[in-house]
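Visitor: Chains A and B, in that order, are what the protein sequence lines are.
Under my numbering, the first sequence has 395 at position 395, and the numbering climbs by one with no breaks.
Numbers given in my numbering equal positions in the second sequence, counted from 1, plus 1000.
There could be a bad hint or two in this list.
Unchecked claim - Simulated pairs of lysine to aspartate or glutamate, DMTMM-like, Cα-Cα distance not exceeding 20 angstroms: (1) B/1061 with A/92; (2) B/1057 with A/128; (3) B/1061 with A/133; (4) B/1061 with A/238; (5) B/1055 with A/120.
Treat the hints as calculated values from the structure; they're not laboratory data.
Bear in mind that the values here come from a model prediction, so they are computed numbers and not experimental data.
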Amino acid sequence: MYRQSSVFKDETKLDISYVPSRLPHREKELKLLRQFFTFLLQFPGKMAQRIIITGDVGTGKTVLSQRFGTDITNEASKLGIKLCYIHVNCREYRGSLFLILHQAIARFHPNFPRRGYSAEELINILFDVLEEENAYAILALDEFESLVDKEGSEAVYKLTRLQETRHGKPQRLSLICITRNLKALEHLDASTKSTLQSNIINLEKYSKTQLIDILNDRVALAFKQSTVSAETVDLVAELAFSEGGNARFGIELLWRAGKYADAEGSGTVTPEHVRRAAANIIPTLRKSEIASLGLHEKIFLLGIARLFKTSQAAHVPFSEAERAYTIICEELGEKPHSHTQLWKYLQNFAMMGIIKTEVSTIGNRGRTTIIYLPRTPADELEKTLSDTLENCGRSL
Amino acid sequence: MSVENVLSSKVRIKILKILMRMGELNVSEIARRLGVNYGIAIRHLKILENADMVKQKTFGKIRLYRLNEHSPKVMALQKLIEVWEHQNK
Chain A
1 MYRQSSVFKD ETKLDISYVP SRLPHREKEL KLLRQFFTFL LQFPGKMAQR
51 IIITGDVGTG KTVLSQRFGT DITNEASKLG IKLCYIHVNC REYRGSLFLI
101 LHQAIARFHP NFPRRGYSAE ELINILFDVL EEENAYAILA LDEFESLVDK
151 EGSEAVYKLT RLQETRHGKP QRLSLICITR NLKALEHLDA STKSTLQSNI
201 INLEKYSKTQ LIDILNDRVA LAFKQSTVSA ETVDLVAELA FSEGGNARFG
251 IELLWRAGKY ADAEGSGTVT PEHVRRAAAN IIPTLRKSEI ASLGLHEKIF
301 LLGIARLFKT SQAAHVPFSE AERAYTIICE ELGEKPHSHT QLWKYLQNFA
351 MMGIIKTEVS TIGNRGRTTI IYLPRTPADE LEKTLSDTLE NCGRSL
Chain B
1001 MSVENVLSSK VRIKILKILM RMGELNVSEI ARRLGVNYGI AIRHLKILEN
1051 ADMVKQKTFG KIRLYRLNEH SPKVMALQKL IEVWEHQNK
């Protein structure tokens, strides 16, 4: 029970796992998803669907899929169709197809044994289970890149094509693949890629106005009336926008600011609480994000972290970062990637919000990219990267 | 099968209690929980299946057993075990 003075009405509405009934500024995408799956309600079993949802961190990929899953399951149930929406975060299962499939089967048979068969057998078991239950499933593979990284084309091929070989049987398994960017698909073979790439829903970054709408919705659900002012929401939206239009960050910040207000015994959440909360969270350093980077991306980022750690400068030029990267490559016995490739990695880091880049003109001798590390402490970043590389068997 | 034939075994009573608690399990897991080997577990499960007290589903190599919840015998036995265990608390 909350104390009388709490600003919160129901803070679970700010939890990452909460799926709101309304998704502001994702109505169009929700409708599109619904369109893609209309056949499932009209002619179940006639075909299976494969969709990719892509977009940056905090653009609402997971919540969109989950909202859709709940809605379509309810709709199917009204029509007497047994439809099951299964949301699996691939990273939580270390990208293992076996564990992911086991999780899906466990929805029907919670004590299904974990040993004694292969992933391929498990796919067939999943089809048998669906057949036996006369059920249909939408398997949402969140952080899909983790599955592709671990298992490669073969696993995705099995998931997408194996049911087509079950002649004369209804198509019972549809897929929603959720990924931050389509780069993950580059590792797939041409046929698997073409199977997947036909339906892509790309979620654009939220604008500041859109973030304000989203935050206002959550404020109404989670906070007591008149405890969060428009200025406070505006500041949270501004910070979330500067974090790449990251709504998840904004919601988390709102929650933290509320906690600061409660700790102070203040009846309202002020912009000052937001600023204090913002100073204490480091949203850019999510270990899962670091782990998802490729080997050379990790090495390059480690080079950048080391530079910032030793130089204490506010920013470093790209050329120096490249030199630091080459040194680590030598330490690890890796052949360094090209300048252009590194530039692409840099854009990716900036997109992920780990660094910020700026093009600077020094005198009249051309342009140079300078790198900022705005929020993440360099030593923390270095430690995380060193640990991750060590886990991959590359000790420095 | 007569009641004394089916319920005269401690192992079979234990199987029924395990399935009451767990809902559904594969043979190896039932054997592990009983502390007996696979062959013994399957023999007792067959007897319970013949008495229409448990049902099985097979998925590939995996055989899952559960109570036949619609069987009046199982319902009555469930009640008896519940009362028994409640009294023993």
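Visitor: Please go over all the hints and tell whether each is borne out by the structure.
Guide: Hints, one by one, checked against the model:
1. B/1061 with A/92: The hint is violated at about 27 angstroms.
2. B/1057 with A/128: holds (11 angstroms)
3. B/1061 with A/133: holds (18 angstroms)
4. B/1061 with A/238: Violated, at about 56 angstroms.
5. B/1055 with A/120: violated (26 angstroms)
Going through the hint list in order, the structure does not satisfy hints 1, 4, 5.
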